[in-house]
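Q: As given, the protein sequences belong to chains A and B, one line each in that order. Using the numbering used here, you'd call the opening residue of the first sequence number 1 and step up by one each time. Using the numbering used here, you'd call the opening residue of the second sequence number 1001 and step up by one each time.
Since the hints were derived computationally from the structure, they do not count as laboratory data. Watch out, some of these pointers could steer you wrong.
As the list claims (entries may be wrong) - If you anchor each label on the Cβ, the simulated ranges turn out as follows:
#, chain 1, residue 1, chain 2, residue 2, range
1, A, T36, B, R1071, 46 to 52 Å
2, A, Q65, B, S1037, 48 to 54 Å
3, A, T36, B, Q1054, 37 to 43 Å
4, A, R71, B, R1030, 27 to 33 Å
5, B, Q1077, A, G23, 26 to 32 Å
6, A, K51, B, T1074, 35 to 41 Å
7, A, T36, B, S1037, 28 to 34 Å
8, B, G1068, A, G23, 20 to 26 Å
9, B, G1068, A, A84, 37 to 43 Å
10, A, K51, B, E1088, 26 to 32 Å
All C-beta atoms in this analysis are idealised placements derived from N, C-alpha and C, irrespective of residue type, glycine included.
There are 2 protein chains.
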Amino acid sequence: MVQYASPALDLSFAALADATRRGIIDQLGRADASITSLADRFQMTLTGMKKHVQVLERAGLVVTQKAGRVRTCTLGQRGLAAEAAWIEAHRQLFAARFAALDDILSDMQREESDGQPE
Amino acid sequence: MVQYASPALDLSFAALADATRRGIIDQLGRADASITSLADRFQMTLTGMKKHVQVLERAGLVVTQKAGRVRTCTLGQRGLAAEAAWIEAHRQLFAARFAALDDILSDMQREESDGQPE
DNA sequence: TGCATACTGAACCATATGGTTCAGTGTTTA
DNA sequence: TAAACACTGAACCATATGGTTCAGTATGCA
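Model the full assembly from the supplied sequences, consistent with the hints where possible.
A: Okay, structure coming up:
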């Protein structure tokens, strides 16, 4: 497991690769929530939910704070900026590749029609 | 591992959660490549590279085709549209949550200054 | 024909992941 | 003060991941 690149993106994309965790982000977008309420909603043990929240926290997507006996989870201020940036940059890569392909295809078509005037 | 949501996003975010695989996408953005050339560039065995390519392929991000004895890898036409859509939608969620917090804070400030006129 | 190339598949390994249970610890509240 | 609540941590389990090696198979070229 050589590391030539962003461990931050590793962590956040891995965090997003699980439906439960994407659901937690959805949920926290509506309102802050305790571990217990999230565990209820996603039908999971407290321990299981805590692990998911920790994954999101390590990725910087969620922030938690303990007040008394309840730990409240909130969306992290960092947001999804870095992830959006990577995705957008590479969306253009995909698009450019297909544009290049289109060029080749239209070149081929031009050549073809050049060979057969009208 | 209950599944209430998009296994497609599970696959693609998981595929993106690895620096080598993000690097492969980078590379394929510049030019199509064989398994061998990718394995060379990322200093990995053929078998190891093949596994990465398979992960990308299962996620629909890469398409491969075998001609003779060489398998050529290309970016998939599907692109990163679904992933971009999810991220953008949730970026707004994050933003909205902080806008709400700002409102609360400015309310608090207003109340405070109301109590202490000039 | 025969050797080099390019991939493929099985088997293996260490570590990570997604979950559980059980046994705590610290906080509220009746 | 005692019971209920909210979380925490350790231990365990099955499966997935990221890699390897080794032994093929199929293709291309001299």
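Q: With reference to the structure, classify each hint as holding or not holding.
A: The hints, checked one at a time:
1. Between T36 of chain A and R1071 of chain B the CB atoms are about 50 Å apart, so this pair conforms to the stated range of 46 to 52 Å.
2. Restraint check, Q65 of chain A to S1037 of chain B: a C-beta distance of roughly 49 Å satisfies the suggested window 48 to 54 Å.
3. In this structure, T36 of chain A and Q1054 of chain B meet the distance hint of 37 to 43 Å, their C-beta atoms being roughly 40 Å apart.
4. Our hint of 27 to 33 Å for R71 of chain A and R1030 of chain B is violated, since their Cβ atoms are close to 46 Å apart.
5. Checked against the hint of 26 to 32 Å, the C-beta distance between Q1077 of chain B and G23 of chain A comes to roughly 29 Å, which is consistent with it.
6. The hint said 35 to 41 Å for the Cβ distance between K51 of chain A and T1074 of chain B, and at roughly 38 Å that hint holds.
7. At about 52 Å, the CB distance of T36 of chain A to S1037 of chain B disagrees with the hint of 28 to 34 Å.
8. A C-beta distance of roughly 46 Å is found between G1068 of chain B and G23 of chain A, which places it outside the suggested range of 20 to 26 Å.
9. For G1068 of chain B paired with A84 of chain A, a C-beta distance near 40 Å keeps the hint of 37 to 43 Å intact.
10. For K51 of chain A and E1088 of chain B, the hinted distance range of 26 to 32 Å is satisfied, since their beta carbons lie about 28 Å from each other.
Of the numbered hints stated above, those contradicted by the structure are hints 4, 7, 8, listed in ascending order.
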